[in-house]
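Visitor: Listed below, chain by chain, are the residues.
Protein chains: 6
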Amino acid sequence: MGNFENINSAVKLLSDQVSVGSLSHCNQKGDPYPSGEELSKIVDLCYAIFFPGFFGDNTSVNSDTIQYHIGVNVEKLYIKLSEQLYAGMCFDSENDKCGGDLKQEAQAMASEFVGTLPGIREILSTDVEAIFRGDPAAKNYGEIILAYPGLKAIVNYRIAHSLLLLGANPLIPRMITEKAHSLTGIDIHPGATIGRYFAIDHGTGIVIGETTIIGENVKLYQGVTLGARSFPADENNIIIKGILRHPIIEDNVVIYAGATILGRVTIGHDSVVGANTWVTTDLPAGSKVTI
Amino acid sequence: MGNFENINSAVKLLSDQVSVGSLSHCNQKGDPYPSGEELSKIVDLCYAIFFPGFFGDNTSVNSDTIQYHIGVNVEKLYIKLSEQLYAGMCFDSENDKCGGDLKQEAQAMASEFVGTLPGIREILSTDVEAIFRGDPAAKNYGEIILAYPGLKAIVNYRIAHSLLLLGANPLIPRMITEKAHSLTGIDIHPGATIGRYFAIDHGTGIVIGETTIIGENVKLYQGVTLGARSFPADENNIIIKGILRHPIIEDNVVIYAGATILGRVTIGHDSVVGANTWVTTDLPAGSKVTI
Amino acid sequence: MGNFENINSAVKLLSDQVSVGSLSHCNQKGDPYPSGEELSKIVDLCYAIFFPGFFGDNTSVNSDTIQYHIGVNVEKLYIKLSEQLYAGMCFDSENDKCGGDLKQEAQAMASEFVGTLPGIREILSTDVEAIFRGDPAAKNYGEIILAYPGLKAIVNYRIAHSLLLLGANPLIPRMITEKAHSLTGIDIHPGATIGRYFAIDHGTGIVIGETTIIGENVKLYQGVTLGARSFPADENNIIIKGILRHPIIEDNVVIYAGATILGRVTIGHDSVVGANTWVTTDLPAGSKVTI
Amino acid sequence: MGNFENINSAVKLLSDQVSVGSLSHCNQKGDPYPSGEELSKIVDLCYAIFFPGFFGDNTSVNSDTIQYHIGVNVEKLYIKLSEQLYAGMCFDSENDKCGGDLKQEAQAMASEFVGTLPGIREILSTDVEAIFRGDPAAKNYGEIILAYPGLKAIVNYRIAHSLLLLGANPLIPRMITEKAHSLTGIDIHPGATIGRYFAIDHGTGIVIGETTIIGENVKLYQGVTLGARSFPADENNIIIKGILRHPIIEDNVVIYAGATILGRVTIGHDSVVGANTWVTTDLPAGSKVTI
Amino acid sequence: MGNFENINSAVKLLSDQVSVGSLSHCNQKGDPYPSGEELSKIVDLCYAIFFPGFFGDNTSVNSDTIQYHIGVNVEKLYIKLSEQLYAGMCFDSENDKCGGDLKQEAQAMASEFVGTLPGIREILSTDVEAIFRGDPAAKNYGEIILAYPGLKAIVNYRIAHSLLLLGANPLIPRMITEKAHSLTGIDIHPGATIGRYFAIDHGTGIVIGETTIIGENVKLYQGVTLGARSFPADENNIIIKGILRHPIIEDNVVIYAGATILGRVTIGHDSVVGANTWVTTDLPAGSKVTI
Amino acid sequence: MGNFENINSAVKLLSDQVSVGSLSHCNQKGDPYPSGEELSKIVDLCYAIFFPGFFGDNTSVNSDTIQYHIGVNVEKLYIKLSEQLYAGMCFDSENDKCGGDLKQEAQAMASEFVGTLPGIREILSTDVEAIFRGDPAAKNYGEIILAYPGLKAIVNYRIAHSLLLLGANPLIPRMITEKAHSLTGIDIHPGATIGRYFAIDHGTGIVIGETTIIGENVKLYQGVTLGARSFPADENNIIIKGILRHPIIEDNVVIYAGATILGRVTIGHDSVVGANTWVTTDLPAGSKVTI
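Protein chains in written order, with the numbering used here: chain S, 60 to 350; chain U, 60 to 350; chain Z, 60 to 350; chain P, 60 to 350; chain R, 60 to 350; chain W, 60 to 350.
Careful, some of the hints might be misleading.
One copy or two, it doesn't matter: identical chains are merged, so the pair holds either way.
Claimed, not checked - Straight-line alpha carbon distances no greater than 25 Å define the calculated DMTMM-like cross-link-like pairs of lysine to aspartate or glutamate that follow: (1) 162 with 293; (2) 198 with 123; (3) 347 with 329; (4) 100 with 293; (5) 135 with 310; (6) 347 with 293; (7) 71 with 123; (8) 135 with 275; (9) 139 with 310; (10) 135 with 75; (11) 139 with 160; (12) 135 with 90; (13) 71 with 188; (14) 100 with 90; (15) 198 with 164; (16) 300 with 151; (17) 198 with 160; (18) 139 with 294; (19) 238 with 97; (20) 135 with 64; (21) 139 with 90; (22) 135 with 123; (23) 300 with 171; (24) 135 with 97.
Everything labelled a hint here was simulated from the structure, so no lab data went into it.
Produce the entire structure from the sequences given, and follow the hints as far as they go.
Guide: Right, here's the structure in full:
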């Protein structure tokens, strides 16, 4: 039948190794694979650990039982994360010899990550407090923890950033921040450095680039871009990777909706950057910029 | 083993009551809990009731059977919503004595909400009509109902606003509008007041604040902010909550992409606010503002 | 009981045929129905076919087995797509006589679409390459394929555009691009024409209108609008549909974040449109526009 | 690699058309297929219709709402059953021209089946009563309806028998009784004829053959066989199908555990057949047989 | 259309209150309901608690983590069981005033049941040992725990019996043993009393009646019936419920396949009852009965 | 609160290492584990391979596409089976050093098993034919393949037996036959040897012991036991394992319902063993035994 010949010939073309080229990925049989679904579960476990009683299927946490719940969730996290970190190690073509040593390395890395959880939660508590203090519409912490997209983006970023520092394949943290990006429209690169008491309001459209540095007690509104100004290329016209190209935001800065700050410029502490402004130069401490 | 000691010590730290602090939530055993998943089902039931035959697993609705489908869906909605409203009542620490009376109160509130459904659907039909009239790309109502993010944001807002007016814990309506925000990038606070024939085009990045008032026949494009200008603080430098701080948009106003209107200003009826404009003062009726 | 009377009376009102009006859809019993869930599966199958080994539950693809996987996935795609195309044909009230002929037409259309898959994959490989070349943060193709929202929006657009050209009910391609819109905040109308080597960075807030034409090697940043300037109405004040009203972007153009280009204007090749600019007139080739 | 060559060569052998022979089934693309899962849902819907409030996800049935629930469930049943009856019609190789007429025939048959539901429920109410009266351990009807395997086997049989009488492909009713067989160990052929007030106790191991006739008010215990004695073959030594070869059990008979009754014999009314007995001849009314 | 009229008229008949009669169950809105699915989860939790590391999704149990897993599982069990016990209390029409007191009673009962878990596990360890000692095909305990239907029937029985003793609505334990009956063909009434070191081999077809008493170290093979001989009726010909009508099996008895023991007879300790035998009288200790 | 103290104390008792004893299983972190769910999927894949077009989610198999489907299913089977075989190797405490070598051994074993699939299918085709020839109620092969429990038990047995011969941990094949036992009430030990053209009718209650040998063209009815007569014990009164203790059934034997054959006796070819008979001695060829 005509339809079917059409299909068979397409299958042949689509299976052609040359035509597939670099769009296909050849896994070793049985090796684990970076999985968006598994990473979502890992993030969910982190939520259940950071905010016990708010998240997790165990909504009956109390002081008597919290240790059981945290224990089980941390252990699940350790196992799932070990596997995904190992999958990340196996993913790159350079590491074509996936095996026992990498697996142990991944387990050690997952264990180290678990060790950073108490510290991450401590910072997140400052973020929640900052969001609450700055939003007249926020009724209590619970509302922020359960419903604020800004916090969601920050949580995923802090998890991803910690994994990046521990040496995970950058794909893993990137997939974690992209999940938050998809849900919130807030795009924070895992490589950015962000201090305590960080607040985001509304948030849709925010972009925070890879080499951005943000101090303590900074607040961003929707549509803010902390981006790069240009991408220097080498003599072969290939973009040079890894250059410090995003802004430095010092402590106690507020950046209003739609502001665009580009390049390795420094916004001095206690500045206010007005909505829809366009900043490509350093600003001294205490500046106030408006359109 | 090293990894495991690491994990055990993290569990101990993370279970520490002081360290968890206000990031945990202590439920009474067996009490219901505000559930994002349940609220999604509630919204889905509203869709099946508002747009029978378009949504719901019963895509065989016709004039003979519509009463069966509406009947079953309304009843499911009533049961699920009663539980979530009750969960909202139990959620705040002030209401630590969850019980029978609150449960009956929640059921009465859910019943009242059901009573508002015919009215909400009537308004939604004006919204659909407004979107259709204003979009050259829209082929028919079905396309708008099935595929337009703007309508999705409006539907969730109208549900959430109605629940807020009935006295639900504000967390519940907020979670409902945040669901639409996550899916569409359109952030409408449940507290806003919005008239009939309301249209949103594209929509990503729209922010409509808590005390905004929008008249009839208003249209917004993507990236429009109807926000607050400043947050007055009291003598202790704590932001004063509840102030009327967002714009009033009168009837027959169009606001193009990226426009920013801040503060308790009034945009007079039949005005056109151009793309990327910045408005912080009242505009008389019939104004036309552009960059 | 009071609650229940309330509910019963609401059911009666909501089931009233007149009140439901055009918000309901009356399906023939047993006819298929355009299904967001099914369309998601269709898109997932396309991903598994375009990027074998990266997507699909068969993560063990290699040169020996690729033909099995492609074969099974193409066949599933053909069956599911036939059904959804047929559902689209049955959807409009004009086509109230759903039946065998339309079903065969739908199967032929699905078969034609399968025939376009190799070509779509070839173009997508240029898109991936363009994204990689232009992003200093991209480590390898895998990261782009697995984690970049810009690519996701492009893939869904290219699928949807191909279906539109083959004559599918426009609702179907629209639902496909809206899925990407919801996940990425990037809103590309299926009717737009977009050339090879197309790159999007970050992307949240991008809007590309129905009659836009984009050449080869074009790059867009977040918040770019390629929109219509006005909607001419006829003597009855009804918007005229189908007018060419969106920009033409020639080859090798870069448009930075937040730029707004409105109306049927032409941006000449090798131009650079700066961030937050506002363009409503033609630009000659090689232009550089900034605020 | 050795393992893989092994696999590839097995795939080749297993795909060989001759070797597959009659163990494969060649479906028309897109035609429905008799589905165990769908038949389970059909049976579940029958349960929700026969025993409202006991089964179905709508456990809030009351006199106000019962009509909604019955209405929705009957309609779902009609749609699903139409499809499965149609699938049955398409299944046999004789019917290689599946299409519109058969589909309408299937819908008419499903509609007829729906018409028999009130009658089936009426008979089932006599079965429930009979089980209750005869079991000292039964506390109330609810226990029987929710937990007694005997009733489950009877319900599935009565559904299957009704479908067989309406002319469904015998595969469909057979799959329905086999589901009960698997769950209960009670094997009733859909072709058997069974009167009102039928009771089964424990039930595991019961076999009731295709041409069995059972009167009213009969009770069977576990392990009872109502079977055939011999299978006459024709001159080619091929078993002759369709011969009346199973027992006739008249009204008010009790058959105790493990009794075996073989062949077209008649057990006269008001008889008692003792446990582990072996009966291959007619028994007059009022007989009492024991080991 | 003819089909549809048929359906509507069936709906009307089926919704008729009189015709539904005692086959329907009228729940209070929102009250919990005895749920087979929930009871399955409760049994699964018991398995995870009795045999940690063999069952549960937490297959990484070790001496460090066992307390976390047991803790979480016991708590989940407590919550789910409280609800089901409460549902059982509300189920019977006599208890039409479901409410707070019953809920607390149910929680207390669930808590008491939890207190019996260590004892049940201790007895189950004797059952596992008995099965292992008596089966030449058993390789180790793990095989018995994971794959032996006899053990499954015993576990469900011991759970159900304990609930019955605590005063649960008999429907709940009955549903639990019926689950095992359906999976294994072994039908043990929750009311039976069974001692330690109880072994079942193969098991299909076993029936153990409500008032049976079984001593320690008893072994049963498939098809054994421990049943009632007759059901005395009162003057109104209604069966008298609650009479002691099943056998007493003393310690160290083996009963081979297909044996049938009926009535309140006593099988003396250390007896062997041969396969397919028929026993309706007392047997002295040390008896050996064969066909 | 009283309930909770109760729970906490039970948790402590249940977590006690000594009390758990041999009822717990201590897995290495991350090692795979014999999983009933995974084994079910493995059996389902075998069904899709043996009976293409009857089973599998790909019900559109035809001569053009069969190779794709077989290819994908065989590969999935290989991967899943490798993991479960490896899990079996790791399961026994003796093999406490799970690792790379065992993993490769498991993969080689899975590959060998795949190599036996064509042969198994060939034998199964004889079984289907035998069932069809012997059952007057069977309309066609499809009915047998889709609905006959006897075939289901045979398929699982033939898979399990093949795995046992290849040296799998006996737990794995045992779990596979137990699945069929649970669904059909037919209990065939994986160790039995069964020839071609094997037919089972009804089947509930059949037991076929570990060392049974069955020739070609044998038919069994429900309730047949091929069991052991006694279990000789050694001087310590421990049952000696591995003794040949079950019957040998030669070619062309029919065994009717409820027959019991015990011990290492030989039933000569072309014999007929009548229903409910009891056989513990050799029978010469051509025997006919009845009660």
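Visitor: For every hint, state whether the structure bears it out.
Guide: Each hint, compared with the structure:
no., hint, result
1, 162 with 293, "neither (37 Å within a copy, 47 Å between copies)"
2, 198 with 123, "neither (28 Å within a copy, 40 Å between copies)"
3, 347 with 329, "within (9 Å within a copy, 35 Å between copies)"
4, 100 with 293, "neither (41 Å within a copy, 43 Å between copies)"
5, 135 with 310, "neither (37 Å within a copy, 45 Å between copies)"
6, 347 with 293, "between (37 Å within a copy, 22 Å between copies)"
7, 71 with 123, "between (62 Å within a copy, 13 Å between copies)"
8, 135 with 275, "neither (32 Å within a copy, 41 Å between copies)"
9, 139 with 310, "neither (36 Å within a copy, 46 Å between copies)"
10, 135 with 75, "between (41 Å within a copy, 19 Å between copies)"
11, 139 with 160, "both (18 Å within a copy, 23 Å between copies)"
12, 135 with 90, "both (20 Å within a copy, 14 Å between copies)"
13, 71 with 188, "between (58 Å within a copy, 24 Å between copies)"
14, 100 with 90, "both (19 Å within a copy, 19 Å between copies)"
15, 198 with 164, "between (45 Å within a copy, 22 Å between copies)"
16, 300 with 151, "within (18 Å within a copy, 50 Å between copies)"
17, 198 with 160, "between (50 Å within a copy, 24 Å between copies)"
18, 139 with 294, "neither (44 Å within a copy, 50 Å between copies)"
19, 238 with 97, "both (12 Å within a copy, 22 Å between copies)"
20, 135 with 64, "between (49 Å within a copy, 15 Å between copies)"
21, 139 with 90, "both (14 Å within a copy, 12 Å between copies)"
22, 135 with 123, "both (21 Å within a copy, 14 Å between copies)"
23, 300 with 171, "neither (28 Å within a copy, 42 Å between copies)"
24, 135 with 97, "both (11 Å within a copy, 20 Å between copies)"
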